[in-house]
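Trainee: Chain by chain, the residues:
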Amino acid sequence: MRLIKTIPVIAILVFALNASADAQCKAFAKKECLPELENYTHDGNYHAAVLVEGEEAELYKTFYSDMEYRVAIVGESKLPAVEFKIMDINKNVLYSNKDHEYASSWDFKLQSSQQLKIVVKVSSFNRPGDTPASGCVAIMFGFKLKK
Amino acid sequence: MDKKNRISSVVFLVFILAISLITGCKSGTKPAKEDEEVKLPENITEIKQDIDQAKTIFNALPSPLESAMLIKSAGAQFNENLLNSVSKQNTYVTSKAMALNLGVYTCDLSFASLYEQTQLLIDYMNAAKKMADGLGILKAIEQEDIDKLEENINNSEVIMDVVSQTFMNSSSYLEDNGQPATAATVLVGGWIEGLYISTQLVDMKEFNGNKLVGRIIDQKLSIDILIDLLNDSKGVPSVDELIVQVTKLKTVFDKIKLTTGNVKTEYDQASNTTLLKSEVTTDMTPEIFLELSKTVAEIRNSFVN
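Top to bottom, those sequences are chains S and P.
Quick note on numbering: numbering that gives the first Met the number 0 labels position 94 of the first sequence as 93, and the sequence is numbered without any gaps.
Quick note on numbering: numbering that gives the first Met the number 0 labels position 88 of the second sequence as 87, and the sequence is numbered without any gaps.
Just so you know, the hints here were simulated from the structure itself, not pulled from any lab data.
Given the structure is predicted, the values throughout are model-derived calculations rather than measurements.
Watch out, some of these pointers could steer you wrong.
Unchecked claim - Straight line, CA to CA, 20 Å or less: simulated PhoX-like cross-link-like pairs of lysine-lysine:
| id | chain 1 | residue 1 | chain 2 | residue 2 |
| --- | --- | --- | --- | --- |
| 1 | S | K97 | P | K233 |
| 2 | S | K29 | P | K233 |
| 3 | P | K210 | P | K276 |
| 4 | P | K210 | P | K233 |
| 5 | S | K143 | P | K276 |
| 6 | S | K90 | P | K263 |
| 7 | P | K276 | S | K116 |
| 8 | P | K54 | S | K84 |
| 9 | S | K145 | P | K71 |
| 10 | S | K84 | P | K263 |
| 11 | S | K143 | P | K71 |
| 12 | P | K210 | S | K143 |
| 13 | P | K263 | S | K116 |
| 14 | S | K146 | P | K138 |
| 15 | P | K276 | S | K84 |
| 16 | P | K54 | S | K90 |
| 17 | P | K210 | S | K145 |
Stated by the list, open to error - Examples of chain S residues lying across from chain P (beta carbon under 10 Å, computed):
| id | residue |
| --- | --- |
| 18 | A28 |
| 19 | L33 |
| 20 | D42 |
| 21 | E55 |
| 22 | Y59 |
| 23 | S64 |
| 24 | S111 |
| 25 | V119 |
A virtual CB, placed ideally from N, CA and C, is assigned to each residue, including glycine.
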């Protein structure tokens with residue numbers, strides 16, 4: 000009977016822990032990802048999640064021809080390398096940070112406004128049997144008017 | 000409790016703790032060794048396979064600041080009469096109205112800030128703060144942010160930083176506290192306000208070749224993202240109402256022709272920037288524009304009145 004009473008308490012604790020994890024992601028995003036935008040104005044949007052080794056995230060966003068953009072994607076240091084690809088609507092890969100030593104940001108501008116897809120993947124330490132590493136990954140966008 | 004129930008409860012507890020261990024975000028400064036000491040059960044390979052297939056999807060709308068920047072970059076003039084009056088702020092008492100108008104006021108204050116409308120900017124920041132406070136968003140907009148704006152009223156860089164920071168505080172608070180429906184509602188409010196201001200600023204005598212019309216057509220690219228964002232919270236009554244309104248707007252956007260050719264990349268070493276080159280053809284008649292403008296105005300007025 001005592002166990003039955005304990006379960007909701009633990010469930011609430013777990014929920015609180017996860018909420019705390021999300022709050023930590025916000026702090027991580029502000030501390031580690033935001034500075035990567037440097038002289039670009041942060042658009043104010045916030046995208047961050049706890050990802051596990053091997054897990055993928057996708058982001059869809061429209062980018063406009065009047066702007067220059069910087070996308071910054073940063074994972075916690077305890078994670079293996081974070082890969083990201085930028086694709087057009089026809090799934091053509093326009094950029095992959097894997098070809099650029101896993102750079103954490105990419106600067107681009109557009110001739111015409113486009114909807115682009117950003118695929119983020121936490122790579123793997125390839126340590127069979129180990130608990131998969133997990134940690135925050137933040138995606139942020141900065142913009143400035145095209146010169 | 001019988002033995003069977005007790006075992007089930009223990010399994011449930013272990014499951015909850017395992018999930019907590021997998022998804023918990025620990026500080027980056029924690030030594031890796033602590034992570035390695037925790038072992039999951041034998042089915043780790045299956046868990047890893049599940050993880051490999053899992054996907055987190057983010058649907059990103061232009062933020063109010065980006066929407067306002069697009070309007071300004073198209074050469075549009077500032078018109079205070081198009082903003083939602085701050086005098087209405089006390090009339091927003093439901094969570095939905097406060098969330099929508101947090102987005103609306105944030106777009107308006109972004110618009111005011113880009114056109115250096117200093118007193119308006121402070122008034123709209125206060126109105127946005129009232130909406131955020133009403134939604135229980137802690138520390139989204141603090142008095143010190145408003146003081147910082149007043150102290151740096153002629154420094155557009157600081158102003159933009161404060162505006163983007165306060166918007167991030169609101170959206171992250173809502174996301175982190177299990178309120179994605181409210182977070183989406185705020186974004187919808189801001190996006191519709193930006194679209195409303197844009198459509199109202201178009202001079203029909205200069206319709207052809209109007210840069211602002213081009214930016215409005217571009218919003219067709221975001222309408223599906225917007226619907227996907229709302230569908231994530233489908234079943235929440237206030238969101239279901241928004242889905243109906245936005246679907247009506249999509250019907251009008253669907254009448255606009257927009258075709259995009261293949262994108263080619265061109266790297267500029269001097270600026271370390273890549274240009275994405277593509278041919279786009281668009282076609283929107285004045286009649287469709289007027290229909291779009293009317294539909295947007297109806298939706299926006301339902302948000303602010």
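Trainee: Quickly compare the C-alpha distance for P/K263 and S/K116 to 20 Å and report which way the hint goes.
Mentor: holds, 15 Å
Trainee: Just to be careful, I want the Cα atoms of P/K210 and P/K233 compared with a cutoff of 20 Å; is the pair within it?
Mentor: Not satisfied, since the Cα-Cα distance of roughly 35 Å exceeds 20 Å.
Trainee: Against the 20 Å threshold, does the CA-CA distance of P/K54 and S/K90 hold or violate the hint?
Mentor: holds, 17 Å
Trainee: Taken at face value, is the distance from the CA of S/K116 to the CA of P/K276 at most 20 Å?
Mentor: Between P/K276 and S/K116 the Cα gap is close to 16 Å, so the pair holds against 20 Å.
Trainee: Given S/S64 as an interface hint, is the shortest Cβ-Cβ distance to chain P below 10 Å?
Mentor: holds, 8 Å
Trainee: For the hint on S/E55, just tell me whether its beta-carbon gets within less than 10 Å of chain P.
Mentor: holds, 5 Å
Trainee: Classify the hint on S/A28 as holds or violated, based on whether any CB of chain P lies nearer than 10 Å to its CB.
Mentor: holds, 8 Å
Trainee: Within a Cα-Cα threshold of 20 Å, do P/K210 and P/K276 meet the stated pairing?
Mentor: holds, 19 Å
Trainee: The hint names S/Y59 as touching chain P; please verify it with the least Cβ-Cβ distance against 10 Å.
Mentor: holds, 5 Å
Trainee: Going straight from one Cα to the other, do S/K29 and P/K233 come out at no more than 20 Å?
Mentor: It is violated: about 30 Å lies between the C-alpha atoms, which goes past 20 Å.
Trainee: Just to be careful, I want the Cα atoms of S/K143 and P/K276 compared with a cutoff of 20 Å; is the pair within it?
Mentor: holds, 18 Å
Trainee: Would you check the hint for S/K84 and P/K263, treating anything up to 20 Å between C-alpha atoms as holding?
Mentor: holds, 15 Å
Violated hints, listed in ascending order, are 1, 2, 4, 14; each of the other numbered hints is respected by the structure.
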